[in-house]
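According to our numbering, the sequence shown is numbered sequentially starting from 47.
No wet-lab data here; the hints were simulated from the structure.
Please note that a few of the clues may not be correct.
[What the hints assert, rightly or not] List time: in silico DSSO-like cross-link candidates among lysine-lysine, alpha-carbon distance up to 30 Å:
#, residue 1, residue 2
1, K134, K167
2, K96, K134
3, K188, K159
4, K134, K152
5, K194, K96
6, K96, K159
7, K134, K194
8, K96, K188
9, K96, K167
10, K152, K188
11, K194, K159
12, K152, K194
Please read these numbers as outputs of a predicted model, since none were measured by experiment.
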Amino acid sequence: MHKKRVIQVGVICLLLAIAFSVGGCFPSRSTIEAEVYTVLNRLEYAMLSKDIDLILMCYTDPFYFYSGGQVSSITHYQLRSELTDFFKNRSGYYELYELREPLPYKLGLTEAKVTCDLHIKRYSSTNGYEQASFDLEYTLVKHLGHWKIRQIVNRNPVSVSQTLSILGLPQE
47 MHKKRVIQVG
57 VICLLLAIAF
67 SVGGCFPSRS
77 TIEAEVYTVL
87 NRLEYAMLSK
97 DIDLILMCYT
107 DPFYFYSGGQ
117 VSSITHYQLR
127 SELTDFFKNR
137 SGYYELYELR
147 EPLPYKLGLT
157 EAKVTCDLHI
167 KRYSSTNGYE
177 QASFDLEYTL
187 VKHLGHWKIR
197 QIVNRNPVSV
207 SQTLSILGLP
217 QE
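Construct all of the structure, not just a fragment, from the sequences and the given hints.
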């Protein structure tokens, strides 16, 4: 009887240990939030430094852009082509690319949603200076162990082609 009781207590302790250790296997909200902010900060840095490979690392292939009730699917190939044309052929650069006040409102193990204001000021030899502000919603997904932007929604009522043109993203 005593031996049976010892085994029961041992099994209960083992189950409790497993339960508490499994709880530590999942990232906390603050860890997920920090990883998401890292992607957004990387995107800002990459755009300002004209680092196309780093920009592509921030997005799934393809990613989706919604604006004015329209959607555009953008592949890495299209984005690389557009950015190469902008940075090299049109001597373009971003003087300002800033995601202000990012606010995560949904954080999960594999998907996160963040709203923020994007402020840009860019120059190209063909259009001169352009600047704009957008109220955006980013959806990020955990893709092969890394967070990436899967979808961007422009919450301003502007057509997708106008927005993509100003942001310097390829248009279908």
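Against the structure, the hints come out as follows:
no.: 1; hint: K134 to K167; verdict: holds (17 Å)
no.: 2; hint: K96 to K134; verdict: holds (10 Å)
no.: 3; hint: K188 to K159; verdict: holds (12 Å)
no.: 4; hint: K134 to K152; verdict: violated (38 Å)
no.: 5; hint: K194 to K96; verdict: holds (19 Å)
no.: 6; hint: K96 to K159; verdict: holds (26 Å)
no.: 7; hint: K134 to K194; verdict: holds (26 Å)
no.: 8; hint: K96 to K188; verdict: holds (25 Å)
no.: 9; hint: K96 to K167; verdict: holds (14 Å)
no.: 10; hint: K152 to K188; verdict: holds (14 Å)
no.: 11; hint: K194 to K159; verdict: holds (11 Å)
no.: 12; hint: K152 to K194; verdict: holds (15 Å)
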